[in-house]
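Engineer: Whole structure, please, built from the sequences with the hints as guidance.
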Amino acid sequence: MSKKLPEFGTINVPHERAVPFGAVTPAPVHVQELFMTSNWRIVRPVIDNEKCTRCLTCYIACPDSCWSYNEEEDVMEWNAGFCKGCQICIKQCPSDALTAVPELDFPDGVVRLEKPF
Amino acid sequence: MAQEKMLTGCSAAAQALKLAEVEVICSYPIRPYTAIMMELSKMVANGELDAEFVHGEGEHAQLSVVLGASACGARAVTGSAGVGVTYAFELYSPVAGGRYPLQMTIADRTLDPPGDFGSEHTDAMSTRDQGWILGWASTPQEVFDNTLMGYRIGEDPRIMLPQMTCQDGYFISHIPDKVKLADLKQVKEFLPPYSAPHPISTTCPVSHGPQIRPDQGAPMDAQRAATFLDLPKVIKEATEDYNRIFGRNYDPFLEKYKLEDAEIAFFIQGAHSNTCRTAVDTLRKQGLKAGMARPRWVRPWPTREIAEALGHVKAVGSIETSTSYGGAMRGGNLIHELRASLYDLDERPLTTSFMAGLGGETIWPEDFEFMAKVLSQMVREKRAQKYVYWIGFEE
Ligand code: SF4
Ligand code: SF4
Chain F
2 MSKKLPEFGT
12 INVPHERAVP
22 FGAVTPAPVH
32 VQELFMTSNW
42 RIVRPVIDNE
52 KCTRCLTCYI
62 ACPDSCWSYN
72 EEEDVMEWNA
82 GFCKGCQICI
92 KQCPSDALTA
102 VPELDFPDGV
112 VRLEKPF
Chain D
1250 MAQEKMLTGC
1260 SAAAQALKLA
1270 EVEVICSYPI
1280 RPYTAIMMEL
1290 SKMVANGELD
1300 AEFVHGEGEH
1310 AQLSVVLGAS
1320 ACGARAVTGS
1330 AGVGVTYAFE
1340 LYSPVAGGRY
1350 PLQMTIADRT
1360 LDPPGDFGSE
1370 HTDAMSTRDQ
1380 GWILGWASTP
1390 QEVFDNTLMG
1400 YRIGEDPRIM
1410 LPQMTCQDGY
1420 FISHIPDKVK
1430 LADLKQVKEF
1440 LPPYSAPHPI
1450 STTCPVSHGP
1460 QIRPDQGAPM
1470 DAQRAATFLD
1480 LPKVIKEATE
1490 DYNRIFGRNY
1500 DPFLEKYKLE
1510 DAEIAFFIQG
1520 AHSNTCRTAV
1530 DTLRKQGLKA
1540 GMARPRWVRP
1550 WPTREIAEAL
1560 GHVKAVGSIE
1570 TSTSYGGAMR
1580 GGNLIHELRA
1590 SLYDLDERPL
1600 TTSFMAGLGG
1610 ETIWPEDFEF
1620 MAKVLSQMVR
1630 EKRAQKYVYW
1640 IGFEE
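These protein sequence lines are chains F and D, in that order.
For the first sequence, the numbering used here gives the first residue as 2, with consecutive numbering after it.
For the second sequence, the numbering used here gives the first residue as 1250, with consecutive numbering after it.
Simulated from the structure, these hints should not be mistaken for laboratory data.
Predicted model, so just to flag it, every value in this text is computed and none were measured.
Where hints are given, some of them may not hold.
Derived Cβ-Cβ restraints for the label pairs, each shown as a range [unchecked claim]:
| id | chain 1 | residue 1 | chain 2 | residue 2 | range |
| --- | --- | --- | --- | --- | --- |
| 1 | F | Val30 | D | Pro1441 | 27 to 35 Å |
| 2 | D | Phe1338 | F | Asp65 | 25 to 33 Å |
| 3 | D | Asp1365 | F | Phe22 | 40 to 48 Å |
| 4 | F | Gly110 | D | Glu1339 | 29 to 37 Å |
| 5 | D | Glu1438 | F | Asp65 | 42 to 50 Å |
| 6 | F | His31 | D | Asn1498 | 55 to 63 Å |
| 7 | F | Asn13 | D | Pro1614 | 44 to 52 Å |
| 8 | F | Glu34 | D | Phe1338 | 31 to 39 Å |
| 9 | F | Glu34 | D | Leu1478 | 27 to 35 Å |
| 10 | D | His1585 | F | Val30 | 44 to 52 Å |
| 11 | D | Glu1301 | F | Pro103 | 48 to 56 Å |
| 12 | D | Glu1438 | F | Asp109 | 57 to 65 Å |
| 13 | F | Thr11 | D | Pro1441 | 25 to 33 Å |
| 14 | F | Asp65 | D | Glu1339 | 19 to 27 Å |
Think of the CB as a built atom: it goes at the ideal place given N, C-alpha and C, for glycine as much as any other residue.
Structural biologist: This is how it looks when you write it as structure tokens:
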């Protein structure tokens, strides 16, 4: 064997890009900042607070727990980081308070982002 | 003193799992691996082994159960054969990516259709890109030893990866051979208790298996790949410790049989290597300098070891025991990686491949003679005439 064989080298993932070991994260947390997953949304639910009765149906209906009730301000709050735009909440809202609005209509719409958050 | 017993590969696996004190077992029947679970269930029922024995409703469920068990910090085992191995496919990457060092014990079976019970390595070989440690034993003794080594390597805090420890169905799984067992004391010295870095617990809650973003995919892949760079060192350490504690003599990566002065060599994994060794001896008596190299692990692939062990040989024939329809050589898989391992050498052996040991067929001494003839002809003509020979279907 005269020629030196190639090396396997090393793989260095910079600290700021490293993913937690096995993608295990602390729980429970209200919002899991490490893994935002709404980057394929094409519409989002927009609430009309005049029509909304705070019945919390959307809170129960959302498969991603994106709706929560802010007691102090007495409003429903939507979590943009996890909403997939599935529109279940819109269909379930008994008061017609939710509307599907295309992401393209928003300056921070996910379709406009260069990086997914 | 450790006992010596006549055991099938299945019994040998069960005995090693008992000594490893597995805590969670998930079974689903498919022959020929089922005998491993039968023995384990008996051990649990008789109170010889303190483990949860869960009946999965299929192989997908089996893998899911042991994933959960491993995430909670339990040493877990499951297993399968043939289409059972492929039915569980969705889980392989999550188990490896989630870094659960559980073990899957495989007794190979040909994939369907239409339900051939015989041994062939395609079942487990098809999982080779899923991030598991993967390797074949060649005797019931090696099944026993690899089972213990698997956990030690996979559970090493530097590694944390699942292991697939394979044995040929029937040829190993159901034919008894002498197996040196071990004392619990030896096992304790070799295999420390499993300690999960982030176990699911009520006191320190964590979330396993979340969704990650696309921009987190590449770093995660790179982190997993980096672990495979560390793996050979850990395998070497574990094998050396194993040899020392249990009095064995394993090469960590590649069994080298009469290779020093070999002009032709067979490259073969698993049970048929036993016939191959005898064939090498016979060929040598006839004046042909033959040898054999047998990889103990397919993942990680022993690239450098192959280059070092086979570089001087004039012609190497890879005996496939698995299929890769339409692959580069139109035969099996081993030849691709064998050739890749030899490619960077200044002078490299001629190579070809032999499709043999498929569907449960025996590879007979005459078959090795035929292969030796092909390899000798390659040496004489300084070229390979064909990429692949289908044993039993050649003129
Ligand atoms: S659109 Fe779907 S994901 Fe988004 S808030 Fe409504 S129910 Fe939840
Ligand atoms: S379901 Fe409709 S009305 Fe009820 S809280 Fe949600 S948005 Fe408001």
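Engineer: Now look at each hint and say whether the structure bears it out.
Structural biologist: Evaluated hints:
1. F:Val30 x D:Pro1441: 27 to 35 Å: This hint holds: roughly 32 Å between Cβ atoms.
2. D:Phe1338 x F:Asp65: 25 to 33 Å: 27 Å, holds
3. D:Asp1365 x F:Phe22: 40 to 48 Å: 41 Å, holds
4. F:Gly110 x D:Glu1339: 29 to 37 Å: Since glycine 110 (chain F) and glutamate 1339 (chain D) have Cβ atoms about 33 Å apart, the given range 29 to 37 Å holds.
5. D:Glu1438 x F:Asp65: 42 to 50 Å: About 49 Å separates the Cβ atoms of glutamate 1438 (chain D) and aspartate 65 (chain F), which means 42 to 50 Å holds.
6. F:His31 x D:Asn1498: 55 to 63 Å: 57 Å, holds
7. F:Asn13 x D:Pro1614: 44 to 52 Å: 51 Å, holds
8. F:Glu34 x D:Phe1338: 31 to 39 Å: 32 Å, holds
9. F:Glu34 x D:Leu1478: 27 to 35 Å: 30 Å, holds
10. D:His1585 x F:Val30: 44 to 52 Å: At roughly 45 Å between Cβ atoms, valine 30 (chain F) and histidine 1585 (chain D) fall inside 44 to 52 Å, so the hint holds.
11. D:Glu1301 x F:Pro103: 48 to 56 Å: 51 Å, holds
12. D:Glu1438 x F:Asp109: 57 to 65 Å: About 59 Å separates the Cβ atoms of glutamate 1438 (chain D) and aspartate 109 (chain F), which means 57 to 65 Å holds.
13. F:Thr11 x D:Pro1441: 25 to 33 Å: 27 Å, holds
14. F:Asp65 x D:Glu1339: 19 to 27 Å: 22 Å, holds
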